[in-house]
Amino acid sequence: MPTEIVPVGTNINFLGQRKIALAISIALIALGGIMAAVNGVEVGLDFAGGTEVQLLFSDGVAVDESKIRDVLKEQGFEAPQVVRFGEADIAEFNIKFKGVTDGSPAALAVAAAQEGVDGEQVAVGLEANTQVMVLERAVGSSIGDFTEQRVEYVGPKVGAELREDGIRALLYSAIVILMYVAFRFSSRFAPGAVVAVVHDLAITAGILVLLGEEFDLRILAAMLAILGYSLNDTIIIYDRIRENMELHTKADLEETLNLSVNQTLSRTVLTSLTTLLAVGSLYLFGGEVIQPFAKTMLIGVFVGTYSSIFIASPLLLFLEERYGDKDGPKRKGPGINKAVV
Amino acid sequence: MGGPVRFRAISVGLLLVLFSVITAGNFIPKDERIASNFWPDEGLRLGLDLRGGIHWVVGVELEKAVVRELEFVKQSIIERLENDDVTLERAVVEEGELRLTLAADADRPAAKEAADNTGVLGSADEDGLNLTYELTEDWVVDVRERTMSQVLEVLRRRIDDPQRGIPDSVVTRQGDDRVLVQIPGEQIDRDRARTLLKSTGFLEFKIVIDMDGTAEALLARYPGGIGDDRIILKEYDPEVKVIDPETTQEIQAYLLPKVADITGDYLDDARLQFDQQQRPIVEFRFNPAGGEIFGDLTSKSIGKPMAIILDEKVYSAPVIRGKISTRGQIEGNYTSDEAADLAVILRAGSLSVPVVIEEERTVGPGLGQDSIESGARACMIGLIVILAFAAGYYRLSGAFASFALLANLVLLVGLMSLFEATLTLPGIAGLVLTVGMAVDANVIIFERIREELRSGKAVRAAIATGFQKATWTVLDANLTTLFTAVILFRFGTGPIKGFAVTLSIGIVTSVFAALVVTRLLYELYLGKRTHSSLSI
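Sequences listed follow chains A and B, in order.
So the first sequence is numbered by numbering that gives the first Met the number 0: it starts at 0 and just counts up by one.
So the second sequence is numbered by numbering that gives the first Met the number 0: it starts at 0 and just counts up by one.
These are computed hints drawn from the structure, not numbers from a lab.
There could be a bad hint or two in this list.
Dumping the calculated DSS-like pairs for lysine-lysine here, alpha-carbon to alpha-carbon at most 27 Å [said to hold, decoys possible]: (1) B:K303 to B:K233; (2) A:K156 to B:K63; (3) B:K29 to B:K63; (4) B:K233 to B:K312; (5) A:K249 to B:K456; (6) B:K257 to B:K303.
Could you put the whole structure together from the sequences, leaning on the hints where they help?
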């Protein structure tokens, strides 16, 4: 006997739960929205601009977050953030700051250093770079030796552009999906797919806000991966719905949808499982830099699976009941196997 | 899917062997790979986040080039009008416009004709005696393009210099007004690289009019002002003590003519040398035309100090002892690295407009190595767990799927190696994600086959119908994902592009693996015999 993760003949009334599901989804999105409005959204370096330096201190250097923070404050670095990076026994820190306060020791040191480099030709980019030099000198002299692991600087102009490109990527993806689903299925299938995708992104973003995660390019990439994943899931259920609508033209639509979701349920669960295994190993073993990506994906896979069952199908039901053809669904695409007989 | 099974098996087999070799080639060091005839020369490139290095997005201030062009046009209009004995009340370049004010209305035709004759100005915006011009759109594009290629050229010569260039470094244009600079590994200190990049490299020679300890002291000597055609410049390094032999006073500021007697444009070569005290200096040589001007200048100014100025800073001001024509040297308080870099900058020519670092991502090689190791570990663990799961759940069919998954990975990495794609950390994430999602196509097919078997179909028929019904589902699901991956590639920047590339190729290879490789394995397994049951 084959192993069955979902027993044969399982018939859960998913569509019947649609009101509860809708309530849960709206509540989650609202919660994320309220948190974002109250606490604000943490925007990472990529989109907000600023400087980030990662330093690995040599063995035996007595250092902790507050020590570094004190040095930075004393020197006049604006909005310094210091976070320990990696394992606790390694003295590695991520240091972030916005700039230097006018007239502070750091600002004077920056000005002096620039005077030496190229005098009058002080420009934004160079300024940030010299700030890193000044920071490293200050930390080196008052705390101890270190190696510079990473420096990231994003200027205000680039930050704004990255932000724009990110939004554009999400928007264009939604449009292309809408068009493709409308073309391959029917125009009544498309909104469900898009709403499901938007729903997933909104909830995932909301959960990230709740967790206080910072939005940067890695998160954006994960969001787009979720978009692809959730869509994949929705399309497979839709594909089955279309097939069943052809087979059971007389049947009650809600029943057909339920049947389709149940028929594809084991596939849905299995694929979520294998994807979770991959993303989970990425989260556990992929290292610090990749973790925000893996974390976002983990959330997204759960939400994406949920939405294709509880959001995409009910929306289709709603649209079909309201605007559907009287004589059955639109016939389109080679996915239909009627002609084979 | 036609064709005899054996033929397909051989072609797919050969393809997989070929790609396995290409994939394995990535684990062989590059020089060995190139030396041997067996391994392919191409391979994956490691992104800077994995191998460490400097990534810069450099903005080019093209607006300055446009303003300078307008200044140039203004000058030529004034000269033309002088020939016609017409003098303008006022001529300035402001806010990207050329603004002329006529002294009298009678000058209007002459002024307009002079402006038209330049051929690069649009039509005048007239307001009383004021005429306002802008460069034509075509000409602005032309100026910007010319400046961009000049800047690219100079930066390439500095960073990709044939003699002292940085191996494997990349200097490419990005968009309208940006240059992407990538310097892999830890070949150069960041501050040095920055100087190489940012120095305008504008070398001038001027005869010193006057000098003093500070700019203030110098200014105080000229109560009536120093005059429009003169400028005060400072010593490049305040640590350097220059002593005036006559007054034994320390010199830090120089009064100089605004226009240089000769500039670095005439340089033929510049090199690192050492003086008698073994201090590093930069020796330069003028081309014949420059030598003539320089010889003239030095023979006229014997006994006077001549300032050698780089980017508006005085490096030294030696007293001219006799006529010098082609050779000279620039002394300074620098290390041999700094002197060598200065020589590169001088040899590469000057940047016509300043550049600004708009984005920087520098990764130490240690961190990159860590990232590769943890990425590879995550990939391996994920792969093993999924393979084990598939084989455990679907038994023999699961083993087929596992084989297809491995084939998928080999094809994916092999294709990326063929394209010499850059593997970044997000790219590794894409790889792991592809492994997880690639099983999906097989799951769809297997679940279909199970359904067909349950409905009472014979093994062979169940497999055929299962594949037939699943094919479009798999294609639909993957095509939509492919679209988003392509959009991500189009709008993604830097490392995100790496993720999009892996994802896009991965989608194609996983569809191939599931629809072609798994199918083939089934057909080979079924053979000509009849099967009463299927391990699935």
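Status of each hint after checking the structure:
1. B:K303 to B:K233: Holds: K303 (chain B) and K233 (chain B) sit about 18 Å apart, inside 27 Å.
2. A:K156 to B:K63: holds (18 Å)
3. B:K29 to B:K63: violated (44 Å)
4. B:K233 to B:K312: holds (6 Å)
5. A:K249 to B:K456: Distance of about 26 Å is within 27 Å: holds.
6. B:K257 to B:K303: It holds: about 17 Å lies between the C-alpha atoms, which stays within 27 Å.
Comparing the model with each earlier hint shows a violation of hint 3 alone; every other hint is respected.
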